[in-house]
Amino acid sequence: MARPFTFAHVSDFHVSTFGDTVHDRLGRRRRSARQADVSDARWETVWSEAGWRVLHARGARPGRLALVDPEGYAHPIPTERAEGAGASIDPVERAAARACRLEGRRAVTLAAALPTPGALDVLLEATPTNTNLRLIRAATLVDQSDVDMVLATGDLTEDGDGYELVEAVFRRFLEAGRFAAIPGNHDLYLMPFSGTARPKPTHASKRARWNEFAEGLRLDVSTSGAWVRHIPEGDAVLVGLDSCARPQRRFFRHNGAVGPTQLGFLRELAKTDAWRRARHRLVAIHHHVVSLPMGVGRRSPLELGMRLDDAKEAAEVFDACGVTLVMHGHRHISEERMPAKSNFRILASPSLTLGCLSGDGPSFWRVELGDRVHAERVRIPMGAVPTADEDDDAGASETDGDDMLLDE
61 MARPFTFAHV SDFHVSTFGD TVHDRLGRRR RSARQADVSD ARWETVWSEA
111 GWRVLHARGA RPGRLALVDP EGYAHPIPTE RAEGAGASID PVERAAARAC
161 RLEGRRAVTL AAALPTPGAL DVLLEATPTN TNLRLIRAAT LVDQSDVDMV
211 LATGDLTEDG DGYELVEAVF RRFLEAGRFA AIPGNHDLYL MPFSGTARPK
261 PTHASKRARW NEFAEGLRLD VSTSGAWVRH IPEGDAVLVG LDSCARPQRR
311 FFRHNGAVGP TQLGFLRELA KTDAWRRARH RLVAIHHHVV SLPMGVGRRS
361 PLELGMRLDD AKEAAEVFDA CGVTLVMHGH RHISEERMPA KSNFRILASP
411 SLTLGCLSGD GPSFWRVELG DRVHAERVRI PMGAVPTADE DDDAGASETD
461 GDDMLLDE
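Just so you know, we're using the numbering used here here: the sequence shown kicks off at 61 and counts up by one.
To be clear, the hints were calculated from the coordinates, so they are not data collected in a lab.
DEER-style ranges, computed between Cβ atoms:
| hint | residue 1 | residue 2 | range |
| --- | --- | --- | --- |
| 1 | Ala186 | Ala380 | 48 to 58 Å |
| 2 | Asp333 | Arg232 | 26 to 36 Å |
| 3 | Arg161 | Pro320 | 44 to 54 Å |
| 4 | Ala101 | Phe253 | 27 to 37 Å |
| 5 | Pro320 | Pro353 | 28 to 38 Å |
| 6 | Thr200 | Arg124 | 41 to 51 Å |
| 7 | Arg232 | Lys260 | 27 to 37 Å |
| 8 | Asn271 | Cys160 | 33 to 43 Å |
Just so it is clear, CB atoms sit at the ideal spot from N, CA and C, and this is done for glycine as well.
Please work from the sequences and hints to get the whole structure.
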């Protein structure tokens, strides 16, 4: 008997320029908001490698240095106290070491030449919570899980930067037209913190980056933001809905909405013979339709600025259209359930890199489309990254004790 069509439901990669995220309190990076003024009249280069430069201010004391990345932005240089070294280390060597560490985690560098398994082990040992490195490890296991397709339900990036790494680690599926994705709030909304994406993202720049990425996936995205993919091998129709299509109402609010236009798109699709004949009618969305607990015996997380505003209307349309399975991400919770008063199942995927709010490590769903849908949770052998709520006594940022000598 042939194996049923199988796909991996993954979500919330949170890749970024250097693999730092707001969830990882120990891994935040600082980077100048504007490109640094490093004219030859003021600065001389004392070290350079792969586009990184350590500069010395002309006429200043030997320790007055600046570290500038290949894109022209300044980074702090660790002080001796921050490095924790017993012996005195030359300031230029400290700056060069910082540059090498950052270059080894940089999304564009990793995408150009993915590290070997041994090299990845070394990099992860040095920075075990780095999401860029964790994605490479997780994607390898997804690739080995005997799946025909990968579906990503949003927050592929932390702040709209790093899509090239997603393309690199899932290249086999992209080239076969077997990778589908929808955007999440981190991909499209402005974030209430300072990340490392430069120039600083805007709504327009984030949408443009997402559209460019989606075009490479060969998704036929409608003007509403929704798309449909027919999967004859699985006797299924898959619909992607953009719950971030509505303009962000406030800087700190990341609520989503499907909206009447996309719900209308689904209603029209439900009238087609292909939809009615399909055994499995699937919907992918980023925001959750129902609140989910953070684990056995635990309550649902706070919904402030995080909910789907038209969840009730969306659920009613899903039922009316005969949707059989709704898949989402967003809350970093792993859950399979059938909500009360509904006829569809829900499959919530945690973060593929950061883990689950229950404290469990990263995982994804391996979904088989046979006579029935069978979902198996596949765990990634990496621990969950503690959030601020889970680890209030966590240490300070890696950048504490660093010097940023160029004006931000």
